[in-house]
Amino acid sequence: MTQAEIKLCSLLLQEHFGEIVEKIGVHLIRTGCQPLRVIAHDTETSLDQVKKALCVLIQHNLVIYQVHKRGVVEYEAQCSRMLRMLRYPRYIYTAKTLYNDTGELIVEELLLNGKMTMSAVVKKVADRLTETMEDGKTMDYTEVSNTFVRLADTHFVQRCPIVSATETAEPTPPPPAPTLVINEKDMYLVPKLSLIGKGKRRRSSDEDAAGEPKAKRAKHIESKEPIPDDGIYWQANLDRFHQHFRDQAIVSAVANRMDQTSSEIVRTMLRMSEITTPSCAPFTHPLSSNEIFRSLPVGYNVSKQVLDQYLTLLADDPLEFVGKSGDSGGGMYVINLHKALASLATATLESVVQERFGSRCARIFRLVLQKKHLEQKQVEDFAMIPAKEAKDMLYKMLSENFISLQEIPKTPDHAPSRTFYLYTVTVLSAARMLLHRCYKSIANLIERRQFETKENKRLLDKSQRIEAIIASMQATGAEETQLQEIEEMITAPERQQLETLKRNVNKLDASEIQVDETIFLLESYIESTMKRL
Amino acid sequence: MAGNRGRGRAAYTFNIEAVGFSRGDKLPDVVLKPPPLFPDTDYKPVPLKTGESEEYILALKQELRETVKRMPYFMETPEEKQDIERYSKRYMKVYKEEWIPDWRRLPREMMPRKKCKKAGSKPTKMKDTDKGTSLTNTADVLKKIEELEKKGDGEKSDEENEETEGSKEKNKEDEDDEDDAAEQEEYDEEEQEEENDYINSYFDNGDDFGVDSDDNMDEATY
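Taken in sequence, the protein lines are chains A and R.
Numbering follows the numbering used here, with no gaps: position 492 of the first sequence is 492.
Every position in the second sequence, counted from 1, becomes a number in the numbering used here once 533 is added.
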């Protein structure tokens with residue numbers, strides 16, 4: 001864990017759970033596994049607060065625990081999981097594009113609460129959807145649970161590990177912590193629930209609509225029939241979301257390189273192998289061209305002949321997104337996921353060099369990338385850039401670690417005059433360096449945003465208060481002039497200041513989201529490369 | 534080469550011309566300070582992507598940031614008392630739902646101690662353990678009957694029997710009491726800790742757990 005990552009984790013924890021949780025979380029990241037009392041002692045926080053903070057972190061899957069010998073429970077932070085908090089808006093948006101508002105709210109609730117039982121999610125989402133609907137309409141539980149089932153079928157949500165029932169008749173003292181086990185085949189199995197009912201509004205006027213007097217209903221809740229899926233918790237499957245992001249990136253890359261039709265073919269291939277290929281595999285399952293032809297979306301007018309031509313074209317492309325693995329069944333095709341991620345990461349590096357150092361540097365960078373190893377003289381010649389400038393650019397990129405230098409001594413004494421100096425681009429290390437910078441920039445962006453809001457806190461409070469007053473007056477039916485009078489309590493320069501602030505905060509927030517997209521690409525590339533090594 | 538060196542000229546082990554300096558050039562100064570905090574960039578950054586989906590994600594992000602503050606998981610730091618109590622403050626309080634963690638999924642030491650228990654977590658916990666005990670209770674009764682038969686003397690009262698048996702083996706039945714006892718222990722430790730700063734229980738292997746509960750049980754079963 002680098003300092004930049006720790007800093008980012010700390011900022012994210014603070015924004016999501018407050019300062020106490022942040023303190024405990026960061027302490028755990030820095031020190032590794034720690035038992036409860038040591039944490040409390042080292043952070044000088046009261047035991048109660050540490051307990052509550054740990055409960056929050058465990059609930060959100062950010063901390064795991066394990067029992068050591070002697071029965072001491074140790075807590076460990078899940079650092080990479082903490083960084084995923086940056087991507088929450090993107091997960092939610094993806095759920096919306098795939099499964100509409102219901103899917104959006106289900107994923108949002110799961111992310112906000114860490115883990116929940118299915119019945120709780122369905123109830124909450126139905127209530128929330130009902131509140132946004134017009135009067136008299138309600139959301140049915142069955143509709144929400146259908147969406148939930150679809151999310152589980154496509155693996156976007158999964159079960160949390162369950163508490164194993166080790167309690168036997170043995171008269172041993174209960175273990176200090178429960179053992180959590182993952183049941184592989186039940187991971188996506190939705191419990192059979194008969195959730196009947198409708199979303200309820202918070203307003204009391206709905207009391208009659210429910211057809212039950214208040215007292216009776218209160219009693220009903222009190223008696224508390226056992227929850228049917230008690231103990232079965234669900235969480236958002238972030239890896240599946242990442243797989244979806246990766247597929248989208250590949251499809252749009254193909255669309256940019258070739259055309260819409262070829263991207264549609266690649267999309268079909270990816271969709272066919274979504275469930276059959278594990279998310280970390282370097283290749284998709286081989287698919288015959290006949291199978292692909294059958295699975296193309298209906299209404300997409302591509303004849304078998306054209307499809308075959310496209311597939312040959314894709315397989316011949318130097319980027320090797322699509323590879324041919326055999327000739328049976330009209331040709332077997334795979335998608336080289338690792339190659340695709342590598343190309344995307346390299347393209348990211350190239351464009352960063354171009355935007356930071358200009359197009360002539362990018363030329364040198366691409367040249368070195370293509371020729372693998374080059375001597376300084378060769379770089380100057382091949383790039384067709386005056387020697388002095390070329391040197392300058394090369395050194396600049398070398399000092400920023402985009403290009404690395406390999407020494408090959410002719411004699412064992414490493415004398416500089418008898419040594420080859422070869423310039424090369426190590427994509428993996430350059431990607432790591434860039435990733436580190438991305439973490440740093442996001443931390444900077446968050447800090448800047450917090451600074452901007454803090455500077456204008458008084459003004460923000462004021463505008464919020466005035467908005468509240470206006471809203472309440474509108475509700476009571478105040479006159480237009482009165483409303484205007486209150487609105488004028490914010491002066492013109494203040495209004496201007498507020499607008500500037502809003503623009504700045506929006507820009508900072510948008511940058512955060514977009515830097516995170518780069519982070520995602522680089523992380524996937526690094527992860528996929530590390531798996532192959 | 535060797536002749537060029539010597540007289541006051543800095544000696545390099547390599548040909549300095551290869552790095553791009555001609556013979557008479559002055560070498561750049563050594564930089565001794567950190568780079569500026571906000572350096573000038575040669576190239577201006579490209580504008581951010583904009584579009585419908587980008588805007589929606591942005592709105593989601595900002596909304597999420599407000600929502601997490603209202604979640605029960607957000608732990609606020611106790612504020613220092615202000616000199617003047619603001620009238621508006623009373624209305625600024627945000628409504629938060631109560632959150633009861635599922636204790637079955639958490640290590641036992643996570644459970645709050647007695648004084649917090651009253652604040653709402655107690656009832657659920659009680660129910661959980663009750664469910665468990667009712668089962669073990671019946672099992673215990675069966676066992677007892679068997680034992681009684683073996684002994685063949687019905688003189689001993691059930692209660693006494695229960696007591697002796699209970700002290701021999703640790704029953705699940707007394708989980709509650711055990712918990713209480715453990716909590717009491719923790720309390721004492723707390724007090725001690727304040728005095729000497731050592732963590733007494735760190736190497737506690739839980740052996741003395743049972744002993745204590747047995748003592749306690751006497752009062753509890755009656």
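Please keep in mind that the hints were generated in silico from the structure rather than gathered at the bench.
Using N, Cα and C, we set each Cβ at its ideal position, and we do this for glycine too.
Hints are supplied without guarantee of correctness; some may be wrong.
[Claimed, not checked] For lysine to aspartate or glutamate, the following EDC-like pairs were computed, each having C-alpha atoms within a straight-line distance of at most 16 angstroms:
id: 1; chain 1: A; residue 1: K507; chain 2: R; residue 2: E588
id: 2; chain 1: A; residue 1: K96; chain 2: R; residue 2: E588
id: 3; chain 1: R; residue 1: K602; chain 2: A; residue 2: E15
id: 4; chain 1: A; residue 1: K124; chain 2: R; residue 2: E631
id: 5; chain 1: R; residue 1: K577; chain 2: A; residue 2: E355
id: 6; chain 1: A; residue 1: K339; chain 2: A; residue 2: E527
id: 7; chain 1: R; residue 1: K594; chain 2: A; residue 2: D509
id: 8; chain 1: A; residue 1: K507; chain 2: R; residue 2: D635
id: 9; chain 1: A; residue 1: K115; chain 2: R; residue 2: D635
id: 10; chain 1: R; residue 1: K594; chain 2: A; residue 2: E109
[As the list claims (entries may be wrong)] Residues of chain A clear of chain R, computed beta-carbon distances all greater than 10 angstroms:
id: 11; residue: K52
id: 12; residue: L54
id: 13; residue: V73
id: 14; residue: E108
id: 15; residue: G114
id: 16; residue: G136
id: 17; residue: E143
id: 18; residue: G330
id: 19; residue: E355
id: 20; residue: E499
id: 21; residue: I513
[Claimed, not checked] Taking beta-carbon pairs under 10 angstroms as the criterion, some of the chain A residues facing chain R (in silico):
id: 22; residue: G18
id: 23; residue: P35
id: 24; residue: R37
id: 25; residue: Y65
id: 26; residue: V67
id: 27; residue: P89
id: 28; residue: I92
id: 29; residue: N113
id: 30; residue: K115
id: 31; residue: N183
id: 32; residue: L238
id: 33; residue: R495
Which hint numbers does the structure go against, in order from smallest to largest? 8, 11, 12, 13, 14, 15, 19, 21, 31, 32, 33
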